[in-house]
Amino acid sequence: MTTTVSPPPERAPGRPRRRGRTTDRGFNRAFRWIAVGAGVLILAVLAAVAVFLLQQAWPALTAGSDELAASVPRYPDDTSLLEYVGPLVFGTLLAAALALALATPVAMGIALFISHYAPPRLSQVLGYLVDLLAAVPSVIYGLWGIFVLGPAALPVWEWLNSWFGWFPLFAGPVSPTSRVLATVAVVLAVMILPIITAVAREVFLQTPKLHEEAALALGATRWEMVRTAVLPFGRSGVISAAMLGLGRALGETMAVLMILSPGFLYSFKILDSSQQQTIAAYIALDFPEASGLAVNTLIATGLVLFVITLAVNMGARAIVARRKEFSGAN
Amino acid sequence: MSTATIPDPSGTTEATARTRAALTGADGARRRKDRTMTVLIWSAFVVAMAPLVSLIWTVLSNGAARISMDFLSLSMRNIFGGDPSGGIYHAIVGTLIITALATVISVPVGLLAAIYLVEYGKGVLARAVTFFVDVMTGIPSIVAGLFAVSLFTLFLGPGVRMGVIGAVALSVLMIPVVVRSCEEMLKLVPNELREASYALGVPKWLTIVKVVLRTSVAGLTTGILLAVARVIGETAPLLVTVGVTDSINFDPFEGRMMTLPVFAYRQYSQGQATCPGGESATCVADIAIQNAWGAALVLIVLVLALNLIGRLVNRWFSPKLR
Amino acid sequence: MAQRIDVKDLNIYYGDFLAVQDVSMTIDPQSVTAFIGPSGCGKSTFLRTLNRMHEVIPGARVEGTVEMEGVDLYGDDIDPVAVRRNVGMVFQRPNPFPTMSIRDNVLAGVRLNNRRISKSAAEELVEASLRGANLWNEVKDRLDRPGSGLSGGQQQRLCIARAIAVKPQVLLMDEPCSALDPISTLAIEDLIGELKQDYTIVIVTHNMQQAARVSDRTAFFNIAGTGKPGRLIEMNETSTIFSTPAEQATEDYVSAPFLVRASQDVAAVGT
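Residue numbers (my numbering), protein chains in the order written: chain A, 1 to 330; chain B, 1 to 322; chain C, 1 to 271.
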């Protein structure tokens, strides 16, 4: 692989034209190889993450369900590892999807606000403020979610239940503790807002002035200009931004761990407690006390999470990369 | 100066009225929609700021009361129940040591990888590094923790908890952030500077060290500080790799360590203490929650300070390139 | 359809900077008016005040009046969006919306009006507008292909079709041919000659021959030096401007050989 970046310098002396290559010696060469090595190391680390997780998860993957039930706490009898992980995957996906549904419209609004609505002098400062949301440690989000947001949101959950209780998501009963997936989803949404906003903002700012002016000159209002010129241009960027946010929401641990009252059901009731649990929170909850095969089992569930987030992130990055090539060709 | 003459307006009153009607924009529905969207977009920003303000206010108001010299300089050793005399010194020590260790691992690797991508990177390898660095930014923090555990289990056997494992876990999270921000900063160095240096006969590696890095040192510092701020608040990976302790531990290669975020979480999960003789100076029922808020305040001050210093370094010290 | 425009004592500012000073002129309906002058003299800036596109740039503002059939475009009760719908604009570089088909590009302005236009009416409008822009025969078989796939000249005519589809009274053209090859330029010039039957046309151009070919009246703008505002020097019948201008500055500009003019342009840009 590395040969593609470093043509062998030995060829150079025979060809006077390529004499520039002869300087690639001594320190120069060493420095280059150190830099290349750092790049390769990063690839190696990512590969190592996958390999070591797989290696440590292996005993759990190959163990029988009796063996697992005997050594893993809360492991129900006569269930395969897949059946065991299933509800966790479900809970993870549900929480992340809800967070994404809440965060994406708001994030697009903020991105448009910063790129096209706010006074240009302010927009950089406003960008910093949104970025601060990303800097707040997740454990603090957890504290805030349980002590501030939970109690504040409870009347909203009750209202939702009394008016839209027929809708599966809002079915009763409403837990008076507010330690429910709906509260978790709101906290996760706040946490992923800055990620989605940052990417969407960049894309919206890249909209060619030419197209914006074309729309305005046709008699478009500002919103119509946004809809005609900015949003179509930024669509793929917004999609990948949302996927990056999804990736972050899938892997978030502490906020879920601290707020959610866990359960292991395939349940859509997001206003009731003891219904769902996410993979990350489950691992963090049980890992400190786990030993033996239980550790392997937890690592195996972690591997599942790794694969899911990897797929989502790679998808998002592939969209971004394709978009780059597309706009580069124009 | 202007020699263009203005003939008296010949438009009839009828034409004027028609034009006025066309230009006053009778299309109320469109204007209402535009206004509605403007309000919605402004309110999206307000909606995002509300949690930030609420969160910072909550941490400040709940945490400030707990902050004292004792709280900052004592550990939790031999503190039980509702005893309010403990502190977070051991957690501050642990956070600083583990974060510093993670920085020592991440910065050389991240910076060199960024140099590779900007100065040398071409072809398949560079594209692969770029792509997987991006992918790596999305690794869940708990997975990074599990990776570090798996790695050290292989060498030291199961059940080992120590600071350096946490540092490795944090490095997995930190390296891609360092690469990304350093790459951005190195790209800002104008090519003319590099060419000027080559034209003077300076070899490439010296050009990179003396010209490129020196020009962008403020930006690199900012990037690294922001990356530190990013990982200093990580909880989950430390929970599974470093464990918890109530005592001060200065040695990241031996035994468990406490860190601020983990401390906040542990105190929170202990809940209310029971005070047999009622509330007194030696027994406060909700002392654990107070401790959690106190630690949260110290943590958020650290994070905000790193962010602020980072931005200011970039603003004050970066050379004016144009 | 076409309407006359009276500009009185117009000053144009970017923030505190006075970009164009004290312009008064009348633009006749159903005619082509050309603005000429060195780069940086404010002719494009002035053009953009005629449909209030000027104020899209933050800090930009005007003093004075621009009247269309006696109605001040900058009056309190005037909606800038409605002004732009009635005063169409074609830009220096062709800018069809890249994500839309040729058909949707033509209909873009009409769709903004939220009017539920029937399918047959839309088809008629597309054909009429594209015929009006002399583009119909070239694109009638590929109306669903993206507009960005056309050649530069075709794209510019698509932009003209898009502008006339909303049936404006006035059409502003900001150096519409400067990014085009000579043949495409000729096609656009022919089109301008046809369009003036129905519209009031104002065109900014760098090309003296083009101004002489297409316009009925010509306005010459000039700038005294760096940091000084641009001014309207002289406006008259095109034939008069190019044969017997009243001002020495105009004569110097229109009669100077191309290279001299170009160097003046460079000087104006470079300063």
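These are computed hints drawn from the structure, not numbers from a lab. Hints are not guaranteed to be accurate.
Between beta-carbon pairs, the in silico distance windows are [claimed, not checked]:
{"hint": "1", "chain 1": "B", "residue 1": "108", "chain 2": "A", "residue 2": "131", "range": "20 to 28 angstroms"}
{"hint": "2", "chain 1": "A", "residue 1": "26", "chain 2": "B", "residue 2": "154", "range": "49 to 57 angstroms"}
{"hint": "3", "chain 1": "B", "residue 1": "247", "chain 2": "A", "residue 2": "101", "range": "43 to 51 angstroms"}
{"hint": "4", "chain 1": "C", "residue 1": "228", "chain 2": "B", "residue 2": "108", "range": "16 to 24 angstroms"}
{"hint": "5", "chain 1": "A", "residue 1": "67", "chain 2": "B", "residue 2": "184", "range": "48 to 56 angstroms"}
{"hint": "6", "chain 1": "C", "residue 1": "120", "chain 2": "A", "residue 2": "202", "range": "15 to 23 angstroms"}
Keep in mind the model is a prediction, meaning the values are calculated, not measured. Ideal Cβ positions, reconstructed from N, Cα and C, are used throughout, including at glycine.
Hint check results:
{"no.": "1", "hint": "108(B) x 131(A): 20 to 28 angstroms", "result": "holds (26 angstroms)"}
{"no.": "2", "hint": "26(A) x 154(B): 49 to 57 angstroms", "result": "violated (38 angstroms)"}
{"no.": "3", "hint": "247(B) x 101(A): 43 to 51 angstroms", "result": "holds (45 angstroms)"}
{"no.": "4", "hint": "228(C) x 108(B): 16 to 24 angstroms", "result": "violated (56 angstroms)"}
{"no.": "5", "hint": "67(A) x 184(B): 48 to 56 angstroms", "result": "holds (50 angstroms)"}
{"no.": "6", "hint": "120(C) x 202(A): 15 to 23 angstroms", "result": "violated (43 angstroms)"}
Checked against the numbered hints given earlier, the structure breaks hints 2, 4 and 6 and satisfies all the rest.
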